[in-house]
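Q: One-letter residues, chain by chain:
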Amino acid sequence: MTAAFSLARDSLQAHQPSARLMRMRRQGYQRLLLLKSQFNIHYFWERKWFFIALLVGFVIIRLPTPEGLSADAQTVLAMSVVATILFVTEPVPLPTVPLLIIVGQVVLLKLNPDQVAQSLMSDSVLFIMGSLMLAVAIVKQRLDRRIAWFLVQLTGTNLYWISFGITLVCGLLAAFVGEHTVAAMMLPVGATLITLTSTEPKKIPNVAAVILFSIAYGCSIASIATPSGGARNAIMINYWQQFFFNPIDPSTYRFLVDYVTWIVYAFPMFLIRLPILTLLLLWTFKPETTDLSRAVARLRAQVEMQGPVKPSDWLTLALFGLTILAWIFYSSSLGLGTVAIGGALLFLVTGLVRWEDINAGVNWGVVLLYAAAVSLGVEMKASGAAEWVANSMLSLLASFGAEKGVGLWAAVSLLTIAVSNTMTAGAAIAVFGPVVLNAAQMAGDDPLTIGFIAAISSGLGYATAAAQPAFTIIYASGYLRARDFFKIGWKMMFVSFFLLLFLAGFYWPLISGR
Amino acid sequence: MISRLKRTTLSNRQERALEKTLQNLRVQRRNRFRVLACINEEEASYITVRFAARLAPGNECDIIVLFVRPIDQELWSGGLQVRLARQSMLEAGLELPGVKHLKTALDVLKEEGIDVTDWPQEAAHEDAWGDPAGDNKVVYTNPEGRSVVLKLKTAPDVANGILDQYELGPYNLMILGESSSWRGERLSLFSKGVVQRVTMLSPCSVLVARNSLERQGFFICTDGTSRSMQAVRRAAVLAHTIGEPITLFSAAPTTAAQPAAEENVENAKALLKALGIAIAESRVAVGNPAERIIELGSDYKIIVVTDEGRSWWQRMWRGSIAYEVARKARTSVLDVR
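Chains as they are written, first to last, in numbering that gives the first Met the number 0: chain B, 0 to 513; chain U, 0 to 336.
Simulated from the structure, these hints should not be mistaken for lab results.
C-beta: ideal position from N, C-alpha, C; glycine also.
Among the hints, erroneous ones may be present.
[Claimed, not checked] Simulated restraints on C-beta separations:
#	chain 1	residue 1	chain 2	residue 2	range
1	B	61	U	315	28 to 38 Å
2	B	5	U	290	28 to 38 Å
3	B	355	U	183	41 to 51 Å
4	B	496	U	141	52 to 62 Å
5	U	133	B	252	47 to 57 Å
Just need the whole structure built from these sequences, with the hints factored in.
A: Encoded structure:
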């Protein structure tokens with residue numbers, strides 16, 4: 000007997016979604032998920048790291064105060080540990096952490112609320128806010144194709160040269176306006192070149208990797224080249240000034256690091272890695288083809304279709320140039336932050352960008368995060384917590400013979416690289432900056448050298464797709480696999496680490512005269 | 000704040016009307032055999048599409064291929080919203096992540112004999128989570144009413160996206176690729192991979208697909224319970240319809256339980272015989288059920304196990320053969336619910 004079955008009736012069954020769920024769905028299923036996450040017992044498991052962090056903080060505060068540490072310093076230390084656990088494990092939205100820090104400073108440290116509120120805003124925080132607004136304004140102008148066309152006119156159609164050119168141009172731009180800006184701006188160009196090279200990008204994964212990593216790394220390796228390249232640089236400049244500058248002591252004037260001084264120290268780190276990066280990329284991802292003439296021809300057609308350069312494009316370039324010049328020549332008197340805010344102001348006044356676009360494009364939580372992290376860092380220094388941790392760190396390093404000189408540099412660099420692979424670089428510098436600067440002082444080393452090593456090392460976390468802002472943005476294109484980041488990342492970390500030690504040992508002493 | 004969490008900007012009245020329409024649609028869909036194949040950016044994930052094509056062969060079957068794209072990832076992008084970059088890509092006329100994978104899925108379906116090139120198509124878009132791309136789908140329907148749907152979905156995380164898609168379904172079967180991070184019950188407290196989470200929470204049967212397409216036969220396991228007999232019947236109908244040989248299996252934990260295991264197999268045989276479904280083979284083995292199933296079943300195309308319907312707490316103490324097999328088997332595993 001042959002039976003006639005209906006799969007829908009006789010085989011695997013589609014169950015009716017539960018009635019309760021259906022009722023809730025009327026108001027939006029995703030809202031139900033939110034409710035479930037808030038009222039379900041599972042809530043505690045989802046946020047277990049939050050509770051573990053609070054417990055750890057409570058235990059640290061309740062422990063007997065070690066010798067050399069004040070009760071306040073112990074509380075600050077507990078807050079830093081809690082913040083670090085939350086930064087790394089992310090059980091709650093990251094902007095929640097700064098809110099906790101602010102409340103903790105008032106409730107646990109008994110600081111004056113006005114004093115805490117004032118400590119949240121500084122030039123470096125203004126800079127972070129201003130540069131994010133500038134970033135949105137510049138990305139919105141859609142200059143990417145013109146920049147790409149200008150680039151390929153110089154490099155020709157060979158992938159090797161295009162890769163080098165992309166890295167160079169992205170790097171030069173990212174050094175001044177931040178890596179995330181250029182990554183977001185140039186991503187469409189990279190994706191266009193890939194899709195124009197082959198109608199099936201899947202067949203040219205290595206070409207795609209070379210082009211996209213040229214953008215991502217170009218942005219990333221340049222982010223340490225100038226103060227405006229990233230938040231971490233502005234935070235370190237702020238720490239040097241707050242911790243070491245004394246208006247009545249001329250020997251401390253060197254800690255007022257201006258725009259040009261930073262460039263003199265850090266720009267070579269970008270320039271030397273440029274050719275190395277291209278070679279490493281081509282060695283790691285052996286491209287399926289090196290001839291991009293078809294893609295370049297189509298790119299040219301696309302640029303021609305856009306018509307001649309518009310007045311608004313020229314105005315964008317002018318405002319961009321003006322902001323950079325102001326950073327170079329006036330940042331020591333006006334402050335990096337004021338210049339960045341001024342730049343954003345000009346873009347808004349000239350109508351090149353709408354406030355709604357800026358509002359939608361900037362993640363304001365980041366500004367809050369850095370503001371509170373810097374405030375906590377300053378409190379770490381003021382309470383003596385940073386000094387105590389630095390002392391403990393040096394004692395530990397002494398057992399490895401790394402308590403001073405190159406050993407200390409290497410330890411600081413490796414520690415910062417490890418931390419910045421697990422949490423955002425700016426937050427890493429904000430929390431650990433005071434500790435390493437204190438360690439430098441106690442080891443008799445130059446805080447400028449150690450500060451530069453820490454700030455640059457925080458930009459060397461290349462192992463994962465989330466390690467660098469530019470990586471996260473490029474990864475969002477969907478052309479790269481997560482494992483590709485590690486494939487090239489470990490090599491770049493290795494090269495960058497030794498290059499950094501080389502510059503610290505041989506180049507920086509020449510320019511600092513110490 | 001609540002309004003920001005709404006998936007749509009419709010008024011409550013409009014939403015009620017929409018809900019009613021959806022309810023009717025769901026009733027209609029329950030008359031069809033609908034398979035949801037979930038893919039990601041990995042090449043290996045297309046095995047789910049191949050399985051969908053082979054397990055849902057006729058005109059009463061619909062195949063839905065799903066790619067879930069997580070929304071912005073917190074502050075890792077340094078304060079610049081990732082959606083700005085995506086907006087740039089859209090404005091530049093570029094494809095979003097997932098679109099090319101869904102296109103590849105169509106090619107895979109074509110290789111499997113389902114060519115939708117000439118089928119009329121219909122596209123739909125829905126805003127979701129403030130993402131510039133939102134949710135998108137393309138529906139291909141042939142004159143006999145069979146549909147192939149490509150769905151690009153935006154969700155806070157991939158597992159949530161897949162489960163949310165079920166609510167829009169419903170589906171008879173969900174097919175997921177093999178997981179690289181399926182942990183034991185205790186470890187899963189701390190973190191769970193997508194496949195493990197979806198298998199745990201899915202209301203319908205789940206197939207964890209591995210590279211076993213070249214193998215033959217359904218290895219259907221039973222423990223004699225009425226729940227298990229239901230599963231045997233439903234899985235056997237599926238195997239019979241697609242022409243796969245059926246092997247019935249029951250494991251006895253001890254030698255003393257062997258007669259009971261043999262009786263289970265005999266009962267299952269009788270049940271299928273009454274339905275007119277032929278059995279290729281029946282087997283009984285003594286030992287740890289999960290281990291014996293994995294050992295003997297791994298040469299077959301699919302091992303069929305019955306979900307015990309245990310909560311996580313119960314699984315912690317009593318374990319779950321279905322989960323153990325789905326996690327450790329070296330072939331595809333169908334967990335029937």
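Q: Could you tell me whether the CB distance from residue 133 of chain U to residue 252 of chain B stays inside 47 to 57 Å?
A: holds (55 Å)
Q: In this structure, is the beta-carbon distance linking residue 496 of chain B and residue 141 of chain U contained in 52 to 62 Å?
A: At 59 Å between Cβs, range holds.
Q: Taking the Cβ atom of residue 5 of chain B and the Cβ atom of residue 290 of chain U, is their distance within the range 28 to 38 Å?
A: About 36 Å separates the Cβ atoms of residue 5 of chain B and residue 290 of chain U, which means 28 to 38 Å holds.
Q: Range hint 41 to 51 Å: satisfied by the CB atoms of residue 355 of chain B and residue 183 of chain U?
A: Since residue 355 of chain B and residue 183 of chain U have Cβ atoms about 49 Å apart, the given range 41 to 51 Å holds.
Q: Taking the Cβ atom of residue 61 of chain B and the Cβ atom of residue 315 of chain U, is their distance within the range 28 to 38 Å?
A: holds (32 Å)
The structure agrees with every numbered hint stated previously.
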